[in-house]
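Chemist: Protein sequence lines correspond, in order, to chains V and E.
Here the working numbering is used: position 300 in the first sequence is 300, and no number is missing along the way.
Here the working numbering is used: position 22 in the second sequence is 22, and no number is missing along the way.
If a hint is listed, it holds; no wrong ones were tucked in.
Once the Cα atoms are required to be at most 25 angstroms apart in a straight line, the calculated DSS-like pairs of lysine-lysine come out as:
hint, chain 1, residue 1, chain 2, residue 2
1, V, Lys91, V, Lys152
2, V, Lys152, E, Lys123
3, E, Lys58, V, Lys440
4, V, Lys434, E, Lys58
5, V, Lys54, V, Lys37
Under 10 angstroms between C-beta atoms, here's a sample of chain E residues computed to sit facing chain V:
hint, residue
6, Leu224
7, Ser236
8, Val244
9, Asp245
10, His283
Hints were generated in silico from the structure; no laboratory data involved.
Being a predicted model, the structure only gives us computed values, none of them experimental.
All C-beta atoms, glycine included, are put in the ideal place defined by N, C-alpha and C.
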Amino acid sequence: MVDLKDFTENYAPAPEGVEHVKLKDSYHLFINGEFQKPTSGKTMTTINPATEEKLAEVAFADEQDVNAAVKSARDAYTNIWSKLPQKERGKYIYRIARAIQERSREFAIIESLDGGKPIRESRDVDIPLAAAHFFYNAGWADKLEYAFPGRKANALGVAGQIIPWNFPLLMAAWKIAPALACGNTVVLKPAETTPLTALKLAELFQDIDLPPGVVNIVTGDGSTGSNLVSHPDVNKVAFTGSTAVGKSIKKTLAGTSKRYTLELGGKAAHIIFEDAALDQAVEGIVNGIFFNQGHVCCAGSRLYVQEGIQDELLAKLKSRMESLIIGDPLDKNTDIGAINSKNQLDKIQELTFSGKDQGGEIYQSDSCSLPEKGYWFHPTLITNVSQSHRVVQEEIFGPVLAIQSFRTVEEAIEKANNTPYGLSGGVWTDKGAKLFKITKKIRAGVMWANTFNKFDPASPFGGYKESGVGREGGLHGLYPYVELI
Amino acid sequence: MNNRLNIAKTYKLYIDGKFVRSESGRFEALQINEDSVVVNICRASRKDFRNAVSSSRKAVDGWWARTAYNRSQILYRIAETMDGRKEQFLEELQCCGMKTKAAEKEFETAVDRFVYYAGWADKFQQLFSTVNPVSSSHFNFSLPENQGVIAIMAPISSPLTGLVSLIAPAICAGNTVVCLTSGNASLAGITLAEALHASDVPAGVVNLLTGIESELAPHFASHLDVNGIVYGGSDSHISKQIEVDAAENLKRVKIFLNGDWSDEAIHSPYDILQHCEIKTTWHPIGT
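With the hints as constraints, model all of the structure from the sequences given.
Modeler: This is the structure we're talking about:
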């Protein structure tokens with residue numbers, strides 16, 4: 001076997017230049033088309049998790065600010081957006097898509113600075129997909145009558161949207177694009193640790209002359225999101241984040257007529273059969289759990305390997321892990337960047353150690369030394385675990401893979417479904433009939449067959465069971481933003 | 001004068017394809033006409049509900065595994081069987097306090113609704129599935145699947161049409177259901193079980209309980225092996241608490257407060273869709 005370790009160490013650093021990135025020292029709230037100071041004057045600091053250095057001060061929106069943002073969105077809905085011909089709304093959304101493409105490198109760099117993800121991913125995945133989501137949805141704006149046979153689609157009004165820190169700009173696009181295309185206006189609350197690309201998006205909205213108030217962006221923490229959810233003049237709530245918060249949002253919305261979509265946690269089963277193309281499967285496993293440091297709700301975090309190939313597959317996987325480059329997110333060679341925050345690092349460590357305490361065996365590659373500053377975690381495998389272990393049951397949201405074996409198709413299905421989650425799943429086999437049996441039987445919203453972690457604006461995404469309610473993306477992603485008459 | 005005594009029917013719960021009394025032994029006395037005739041209706045307990053959920057859970061994979069054509073025929077068969085028992089249903093609707101004309105309309109709309117959804121059982125998948133033009137070399141498609149076990153609290157105001165309008169789209173989508181029919185609606189509601197029993201509906205696909213809405217609502221909403229809940233009643237406090245309790249395992253919740261069940265516009269294939277999950281599958285296209 002080729003020693004991939006030597007190969008890895010021969011890479012020279014190739015950092016992405018940051019000279020042309022324009023970041024202000026402080027950012028205000030984006031309300032009614034203008035950047036406004038928060039009424040409380042309170043701010044938060046956003047840092048680079050790879051260096052722990054401060055990037056910018058960001059406004060903290062309290063209840064009064066959220067009220068102002070919702071009012072701005074309501075006024076824009078009533079006076080501007082709902083009166084605009086559908087095709088004109090579509091043209092604004094096309095403009096947004098084009099402007100993101102034009103500035104894609106700047107967005108990519110800021111995404112990597114603020115969130116810690118490798119530039120290769122922000123450049124090749126996050127930002128192009130964000131633009132694609134706007135482009136895809138733009139075209140729906142004047143074609144909704146064809147999307148819902150027998151019914152007329154009316155806008156809902158003001159959408160309050162709360163997004164996570166793992167794909168900041170991409171999640172903003174997932175939320176804003178369909179909302180606008182269906183004729184709604186928006187108040188968006190970015191995640192506390194990754195507000196910068198959303199604020200750059202606000203600058204972009206100004207530049208393309210999006211009418212004031214159509215999209216408002218309020219930065220803050222959980223209390224800001226909570227104020228947005230419970231605001232009486234919000235017609236629809238869209239949330240992506242943890243299952244615990246999703247449930248509490250659902251409780252808050254009880255008794256109201258607000259519509260909601262929840263895109264929550266996951267613990268996806270990734271099933272490898274003996275007849276799979278093993279080298280490709282190993283790439284799929286690595287992409288499934290180490291993509292974006294494992295900060296992915298649909299990550300393939302439970303690996304199920306058919307017994308006969310377990311040793312061979314594990315050897316290949318460990319060998320592949322030796323060639324993963326961990327380090328500077330801005331280096332174009334980097335495979336695995338920084339953990340998004342100290343909080344998240346603590347959580348990953350706590351859960352991983354629980355795996356050890358419960359008798360699991362931990363394997364971490366030592367191919368790369370971790371930088372001294374910043375938040376980092378080695379790609380990790382945990383074997384010798386069973387279904388009841390915390391690392392098998394709970395979402396870790398980090399680069400940690402729990403590995404078990406199985407013998408029969410039925411056993412694989414049963415183990416895969418033995419979870420309250422149901423967001424995604426993966427299966428590798430060369431037998432087509434077996435493959436579709438598995439994808440049919442697993443109770444999850446997205447199934448990847450002989451591939452993993454693929455995303456597209458035309459492809460609906462969302463969970464079964466406790467992984468959420470509703471779909472985002474594709475035609476099905478329009479439903480949450482319309483009332484069918 | 002006729003000396004022959006009438007044979008009164010014993011009304012029971014319908015769980016797992018069997019007519020059973022409440023395990024609790026409790027009953028409710030319904031006064032059903034001006035002559036003060038009293039009928040004892042089973043007052044289902046939490047335990048009865050849990051038994052019904054177990055039955056529905058057991059039945060769901062088999063029901064979902066049937067062909068859409070077969071589900072369609074079974075739904076149509078329910079309509080046939082109901083129609084053959086028209087006199088009995090009309091009598092019970094009138095016992096519940098409906099006038100003759102209203103009872104006829106209630107019955108006929110209910111039967112027609114099963115026919116309507118029978119027709120959708122093998123078509124809604126085509127309407128709501130998509131092949132998605134992704135920008136990579138993958139065959140990507142989205143299909144509706146069933147959700148699992150749906151708990152239904154049927155309206156009292158529309159004993160038959162309301163009940164059927166809630167059951168039919170749920171089982172059409174391949175789910176199994178546990179339904180509560182309560183108060184004056186119980187007589188006609190639980191009699192639907194007799195039509196279901198004679199209609200090739202597999203045991204557990206529809207479980208029917210009679211009982212008290214306010215007593216059972218918390219159990220319906222908080223059971224962790226229930227995937228969805230539909231409330232068709234008229235109490236906004238109950239419906240709000242259902243939403244809160246249902247959040248614990250993120251049941252899909254649908255509330256119809258004071259729905260007008262006779263309205264044709266109330267039913268559409270979108271009612272089936274709300275009992276579905278959309279699954280998207282990716283598969284590489286290569287050599």
